[in-house]
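Quick mapping for you: the protein sequence lines, in order, are chains A and B.
Numbered by the numbering used here, the letters in the first sequence go through residues 212 to 708 in order.
Numbered by the numbering used here, the letters in the second sequence go through residues 212 to 708 in order.
Please keep in mind that the hints were generated in silico from the structure rather than gathered at the bench.
Small disclaimer: the values here were computed from a predicted structure and weren't measured.
Treat the hints with care, since some could be wrong.
Just so you know, same-sequence chains aren't split out, so a pair can sit in one copy or run between any two.
Derived lysine to any residue pairs resembling SDA-like cross-links, with alpha carbons at most 20 angstroms apart [stated by the list, open to error]:
id	residue 1	residue 2
1	Lys633	Gly611
2	Lys250	Leu380
3	Lys474	Leu496
4	Lys461	Thr491
5	Lys233	Pro450
6	Lys489	Gly611
Protein chains: 2
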Amino acid sequence: MNELKFHLIGQFKLSSDAAKAKDDVAKLMVKANEDILRKGAPPGGGAEVVNWNLDENIITVEIKSDRYVRAHDALLRLRRSLAALLGEHHIGIRGVVIEEFTIQLPSEEALKKKIPFVKDMRYEEGKILLTLDVDEQQIENRVPDRIINLIMEKIESRKYGKKEHWELLWQSKKKIHKFREDPTKELMKRNWIKHGAGRGQWIFGPQITRVFRAFGGIIEDEILRPLGYHEMMFPKMVPWEVWKRSGHAKAIYPEMYYVCPPKTRDPEYWEEVMDYYKVTQEVPLDLIKEKIDRPIGGMCYAQCPPFWVFLQGETLPDDIFPIFIYDRSGTSHRYESGGIHGIERVDEFNRIELVWIGKPDQVVEHSERLQERYQHVFDELLDMQWRKAWVTPWFMAQEGLTGLAEIKEVGTIDYEAYMPYKNDWLEFQNLSVNGNKYPDGFNVKLQSGEELWSGCSGIGLERWGAAFFAQKGLDVENWPDKFRKRVGELPEIFKFL
Amino acid sequence: MNELKFHLIGQFKLSSDAAKAKDDVAKLMVKANEDILRKGAPPGGGAEVVNWNLDENIITVEIKSDRYVRAHDALLRLRRSLAALLGEHHIGIRGVVIEEFTIQLPSEEALKKKIPFVKDMRYEEGKILLTLDVDEQQIENRVPDRIINLIMEKIESRKYGKKEHWELLWQSKKKIHKFREDPTKELMKRNWIKHGAGRGQWIFGPQITRVFRAFGGIIEDEILRPLGYHEMMFPKMVPWEVWKRSGHAKAIYPEMYYVCPPKTRDPEYWEEVMDYYKVTQEVPLDLIKEKIDRPIGGMCYAQCPPFWVFLQGETLPDDIFPIFIYDRSGTSHRYESGGIHGIERVDEFNRIELVWIGKPDQVVEHSERLQERYQHVFDELLDMQWRKAWVTPWFMAQEGLTGLAEIKEVGTIDYEAYMPYKNDWLEFQNLSVNGNKYPDGFNVKLQSGEELWSGCSGIGLERWGAAFFAQKGLDVENWPDKFRKRVGELPEIFKFL
Numbered sequence: 212m213n214e215l216k217f218h219l220i221g222q223f224k225l226s227s228d229a230a231k232a233k234d235d236v237a238k239l240m241v242k243a244n245e246d247i248l249r250k251g252a253p254p255g256g257g258a259e260v261v262n263w264n265l266d267e268n269i270i271t272v273e274i275k276s277d278r279y280v281r282a283h284d285a286l287l288r289l290r291r292s293l294a295a296l297l298g299e300h301h302i303g304i305r306g307v308v309i310e311e312f313t314i315q316l317p318s319e320e321a322l323k324k325k326i327p328f329v330k331d332m333r334y335e336e337g338k339i340l341l342t343l344d345v346d347e348q349q350i351e352n353r354v355p356d357r358i359i360n361l362i363m364e365k366i367e368s369r370k371y372g373k374k375e376h377w378e379l380l381w382q383s384k385k386k387i388h389k390f391r392e393d394p395t396k397e398l399m400k401r402n403w404i405k406h407g408a409g410r411g412q413w414i415f416g417p418q419i420t421r422v423f424r425a426f427g428g429i430i431e432d433e434i435l436r437p438l439g440y441h442e443m444m445f446p447k448m449v450p451w452e453v454w455k456r457s458g459h460a461k462a463i464y465p466e467m468y469y470v471c472p473p474k475t476r477d478p479e480y481w482e483e484v485m486d487y488y489k490v491t492q493e494v495p496l497d498l499i500k501e502k503i504d505r506p507i508g509g510m511c512y513a514q515c516p517p518f519w520v521f522l523q524g525e526t527l528p529d530d531i532f533p534i535f536i537y538d539r540s541g542t543s544h545r546y547e548s549g550g551i552h553g554i555e556r557v558d559e560f561n562r563i564e565l566v567w568i569g570k571p572d573q574v575v576e577h578s579e580r581l582q583e584r585y586q587h588v589f590d591e592l593l594d595m596q597w598r599k600a601w602v603t604p605w606f607m608a609q610e611g612l613t614g615l616a617e618i619k620e621v622g623t624i625d626y627e628a629y630m631p632y633k634n635d636w637l638e639f640q641n642l643s644v645n646g647n648k649y650p651d652g653f654n655v656k657l658q659s660g661e662e663l664w665s666g667c668s669g670i671g672l673e674r675w676g677a678a679f680f681a682q683k684g685l686d687v688e689n690w691p692d693k694f695r696k697r698v699g700e701l702p703e704i705f706k707f708l
Numbered sequence: 212m213n214e215l216k217f218h219l220i221g222q223f224k225l226s227s228d229a230a231k232a233k234d235d236v237a238k239l240m241v242k243a244n245e246d247i248l249r250k251g252a253p254p255g256g257g258a259e260v261v262n263w264n265l266d267e268n269i270i271t272v273e274i275k276s277d278r279y280v281r282a283h284d285a286l287l288r289l290r291r292s293l294a295a296l297l298g299e300h301h302i303g304i305r306g307v308v309i310e311e312f313t314i315q316l317p318s319e320e321a322l323k324k325k326i327p328f329v330k331d332m333r334y335e336e337g338k339i340l341l342t343l344d345v346d347e348q349q350i351e352n353r354v355p356d357r358i359i360n361l362i363m364e365k366i367e368s369r370k371y372g373k374k375e376h377w378e379l380l381w382q383s384k385k386k387i388h389k390f391r392e393d394p395t396k397e398l399m400k401r402n403w404i405k406h407g408a409g410r411g412q413w414i415f416g417p418q419i420t421r422v423f424r425a426f427g428g429i430i431e432d433e434i435l436r437p438l439g440y441h442e443m444m445f446p447k448m449v450p451w452e453v454w455k456r457s458g459h460a461k462a463i464y465p466e467m468y469y470v471c472p473p474k475t476r477d478p479e480y481w482e483e484v485m486d487y488y489k490v491t492q493e494v495p496l497d498l499i500k501e502k503i504d505r506p507i508g509g510m511c512y513a514q515c516p517p518f519w520v521f522l523q524g525e526t527l528p529d530d531i532f533p534i535f536i537y538d539r540s541g542t543s544h545r546y547e548s549g550g551i552h553g554i555e556r557v558d559e560f561n562r563i564e565l566v567w568i569g570k571p572d573q574v575v576e577h578s579e580r581l582q583e584r585y586q587h588v589f590d591e592l593l594d595m596q597w598r599k600a601w602v603t604p605w606f607m608a609q610e611g612l613t614g615l616a617e618i619k620e621v622g623t624i625d626y627e628a629y630m631p632y633k634n635d636w637l638e639f640q641n642l643s644v645n646g647n648k649y650p651d652g653f654n655v656k657l658q659s660g661e662e663l664w665s666g667c668s669g670i671g672l673e674r675w676g677a678a679f680f681a682q683k684g685l686d687v688e689n690w691p692d693k694f695r696k697r698v699g700e701l702p703e704i705f706k707f708l
């Protein structure tokens, strides 16, 4: 049967000749195969030293194992026991060298990929044979285990594809839409928006900004205030450290805008660049690329991750929860796919981000209350045709995962609006219960030791606008009364000839 | 006397042997020295062809000149005349080669700098001798003139130093300050702020965000609404194109956060990076640096430049002015010098940016009205000890220039607050009349042809906070009544053990 199997040859480099300890070492190897390398495995399972040798100051071991005590873990167990034993002879272990390390992984087909630290990969009869090139440090850092996970993930994703989960939860009644144009085209025609100088970037004129602020007012009056939210200001430049903890570092790379600082702030270091620009009126990009540092992170992508640094490493009293906070202090940026670049899909966007934190029941209950408030806003105030669906959680999607979370209360609801001009739906916001993902990643604990959960919901102003304008058009008289009153008179301050 | 002098040897490459046109060329050279290369220069001045030669399909010319008709301009004038003349003989000019080009510049001392397109620079007796390495295209693009400007700028900046202008305009009465601590330390002690994960970056908790929003409310009620401002949303990722037009491209490099997009959004291209991260839990920065593109610009630095793209290239009717707009849609980022990193000097900050546009008298008049409103706010509502000073205009400082603007109405006022804890002053906002700088840079015109000016004023929330807390402390009961009412009860939602 093709099971996970490991074969490792390693050497312990000693501080001096260990001939005098040879008998003790021999006894240890026997004990290892009976006990030390079996611990935790079911009967008959675990690792085994199938060969060993002591030659002056080198002990060589050959280990075979199953998945219960993996050969590289067995090697670390052996080192610990050996160190204790040799210490009695005043001999130290200077280092461990991995001479050979092969892993056999069951698979129905070959995988043609370059995997880090894998120097050879072959396929034969239902199994993948890996030869690793790792050192002691990498074994301690669990690199071999992660290589196995990565390969299994790749095999699975090829088998089941990248299909995201989508399941309708609720939909509003169909409505009659007088307006059937592409809202972006109409917004441009009226000069409510103009292209910014960057890709997928817009400059929002006074009229549409007034509409966005009316959305903001609704969100404040109908959602944030009644539900007890308080405003904070989250940072907008996001270092790797944050994305490592939030999980984004697993898969964010194709979509992020990278941020690089100058290597130094010394004006003399930059004089060459300034001079070149002053003389040619062209920015010397290749020269600049040499003079900037490696990226320290990127521009805000998901908005709530950098908040969690506020709580990182803290233990918090139970009675302050549930906590409701939000941020609306800046833009988010994503390197989106080309093609359509209306306000429906942009590289730079403005979002109000809600975060709630508490015990699991508090978080789940709040998700329901928040859904009710949203429903009220979309039905009563904005009169939208919309629906909501249970989808692959955003944090799984952003980590390149598919399917659903393991716990059924954890997941994401996408809100979608009907777009009459293309007879299709547009996701215009979402709402997620993230389980213990963030408290776990940022090491935030409850004093009682109970589990801490969180949820978040991102309200994209451009998406709300795209959905609203697509259904209602840009003529104020066709907007729902309550909303029209809130917007007031649209400021018409620019005129273009 | 040591004056600006030019010496150039150039060759016109012709499409065929021009022997038959030699007499006509000779006549042209005579006419050039009498007329064509003298036009625009005072009597006796201009350029002169001191030698020329026609050898098959090459015409070589040696030109000497003063500053009135510079030798490289003379070469272009000659090309034009020659092209017309040779055209009659059905001969074309295929190209122009600069064989030798030296410039003599008066200077009291040598300049030891590497200058672009300068292959040699020597100093002798009151003059700098430059040998340029430029081609026809670069002459057309005025590279030699910009090299001269650059060198003169460097000589002057060394002579007069980099001292900024500072002239007191007004100061409030001294006040008695009960609070004398560093406000940042106190803010941290009370957990109103915590360090973000990035350099010079803070996370603002609910209490201080409430204070910032109270500042925002004052700005809205006392300044924006009474003065007729309308909100817009300016982009926050700023491409080079914008900074070339705003002038920042001259000198912003040591202080900016550079933004690089991925070379492609193809997930397969990034798989290697994701795999490395998944296996090691470390982000492979060197590999990423290879996979990202050259910087396309940077994170928002001065806030108003990207707005001007909204008006770029437009001609606007006179009667829509003056126009007052503002933006508060996101953060600004500067790579600041190390050392003190309280909320007084940060790499990431939140600012409300006011822009006004109109004819010169409208812009100057509005600057005065705005100053009155600020005075009212700082004296009546916030009860601050402050002063204002006339300084090197921000747009000159950010282009690496010193001194004052040429027109006396154009310039910057810095607002400074007294900081009791260090017995020093902190610039907490500014206000500038920018003259025609932006309309000029972005090619915005008035229908009447009259000049268009603009002004801007940046209100940094962190700076307002630093100044206010430094003078008033963090205890609400010590704050001015009107402000305390506006803030209301501070939300105390987090408790840390």
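Which hints, by number, does the structure contradict? Of the numbered hints given earlier, those the structure breaks are 1, 2 and 5, listed in rising order.
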